[in-house]
Amino acid sequence: MASLSLEGIQKIYPNGFHAVKDFNLDIEDKEFIIFVGPSGCGKSTTLRMIAGLEDISGGTLKIDGKVMNDVEPKDRDIAMVFQNYALYPHMTVYDNMAFGLKLRKVPKAEIDKKVKEAAKILDLEKLLDRKPKALSGGQRQRVAMGRAIVRNPKVFLMDEPLSNLDAKLRVQMRIEISKLHENLGATIIYVTHDQTEAMTLGTRIVVMKDGVVQQVDTPQNLYNTPCNLFVAGFIGSPQMNFLDAVCSVKGEDVALKVGQYELKVPASKKKALIDGGYDGKTVVLGIRPEDVHDSEAFISNSPDSVIESTIKVYELLGAEVFLYFDVEGVQMTARVNPRTTLRTGDKAVFALDMEKIHLFDKETELTITN
Amino acid sequence: MDHTQELQKALQELRRITGITLDVSVDSPGQAEQAISQIRCLCTAYKEKYNKTDFLQSLLTGGIPPYDIHERAARLHISTDDKRVLFLLETKATDDTVTEILKSLFPSQTKTHLVPISANAAAILCTIRSSETPDDIRNTAHAIVDTLNTEALAQVRLAYSSVIDTLAGLPDAFQEASLALKVGKLFYSEQTIFPYNELGIGRLIYRLPFPLCESFLREIFGEDIPDSFDEETTATINRFFQSNLNIAETSRQLHMHRNTLIYRLEQIQKRTGLDLRLFEDAMTFKVATMVINYLHAERNQ
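Listed in order, the protein sequences are those of chains A and B.
For the first sequence, position 309 (counting from the first letter as 1) is numbered 309 according to our numbering, and the numbering increases by one without interruption.
For the second sequence, position 174 (counting from the first letter as 1) is numbered 544 according to our numbering, and the numbering increases by one without interruption.
Be aware that one or more of the hints could be misleading.
What the hints assert, rightly or not - Calculated cross-link-like contacts (lysine-lysine; reagent style BS3-like; alpha-carbon spacing at most 30 Å):
1. B:473 - A:116
2. B:552 - A:105
3. B:656 - A:133
4. B:419 - A:120
5. B:473 - A:154
Calculated directly from the structure, the hints in this document are not laboratory data.
Remember, predicted model here, so these are calculated numbers, not experimental data.
Using the sequences and the hints given, assemble the complete structure.
The structure is reproduced here in structure tokens:
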């Protein structure tokens, strides 16, 4: 397998569209890297530049230390899996997987060995004689993966490979891909706009927006310490709640005023606000739905972070309940225990876990406290 | 096999290919051999003349008169009344790998025809069911591109025509797909698939004559027509347009103070006379930059 290095990678199309700006990333051997971001953020373009399917406008791409900018795609030793995989309809599963190798004039015995090995990894051994029509969606996707595996490439590039599958199959295939990564010990770069896929599969995640890398980190760190408002809002479902708050410093105490509420800032967050000169300024307070509590015990222990509202929507998801309500005209979500007695229309009291709040500069949108 | 049997077989083959029935009588084995040879030559010549690929190539370029299409298509067992879409594929070089993959992707030789156009282009004429929607056709286009990307690791661009009801519409479909490829590469170069019906304003601009484009630009910019804008200005303008002329959103996306953005927009106004904050001026500017790109591309060609 292989390591990759992307240094100052740029993509500017002839019509002036600047799709990727100054992309820098080092990918270690056997890493599972996820590019995630909204549509048009440049994640697929970056992947296609690594594959050689798009020319690189600026910067350097290295695979195993060798500059690859001008190397033909077929000589980069990569394999791709796309969303719109099309299997050859008249060929069996075996032939579908063998086809690419036959085109490369690989000896028959070697093809046979590679196809059977890939079939074993993907649990397709019993389906090798079947035609695509006789396969389920998940099995077809596994065949598409098999076509990539038989090449035994240095790097696997996957561009939203699960997008065409239904929700249940997607969960199954996610597990399959995760197992595949462990079994093959492969370097994988995976593009998705689905943050659940990103969080569950990746060893590291690259969050992109408008062609710019926002943050590169482990799933846990991205969730706990987002570097800006975009990452904070993009990672996590339901997304983080955001409220405008005015910072007020009185001696040693720092408070955040959200409309009629005055929330006391804990010691761990104070220093950044004081040192940053935020006294009197508006900042953005972010808090995840699971850090908004409705339990009496928590509320009585946190008298300085209590808010009140009326429940607008009650959503029971089985293991948890989402409560939607407004605070100062902004919709908020709380993720609470399903044993809650609160229902739509009820007056409710919540307490925010102030140790878990995130604070962002209103103008630059960068984190203040992380 | 004796000569008489062989002769009968050759005559049957001639009838199968051409529809012509010949009555041949021979007096000696030598005469039979000569007749067989001549019949085989006739079959070969006919095949060459009425080869599917040759026929479709000529038809694409309008080289077959409408009155001849039906008859020649029937001889080649090509249905004339199927609904079809023409995909036009451009790669860096259409090598054997690309051709093999396409043949395997569309194995039915009666429903799909692969027609080489040049060293780096090929047309794929696909029959479609009447129930197929524009989304289905788009999915087929994506499947072609993604399969070639995956299997051949080839850089590919694909344009496709609107749906045609009869084979007589093929020359028009070819023109549509060719135009879509040109316009797509010029105005929407970040994409790989260009449906003729979704070219938008690019298609309109591409059909404008040069003098009209030049007079339009002079009308807007006077004699000082900007060749191009620097990268930073282009990025600012593009982002401003993508953000629906919203100053706050653009400055946030560009990580730029709103006053800096306003200053830049004012500089553009000084240079061009167009206030991009106003919809009408923004629209004029957008069209004008597309026209400038078009003129540049055509002149460079």
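Indices of hints not satisfied (ascending) = 2, 3 and 4
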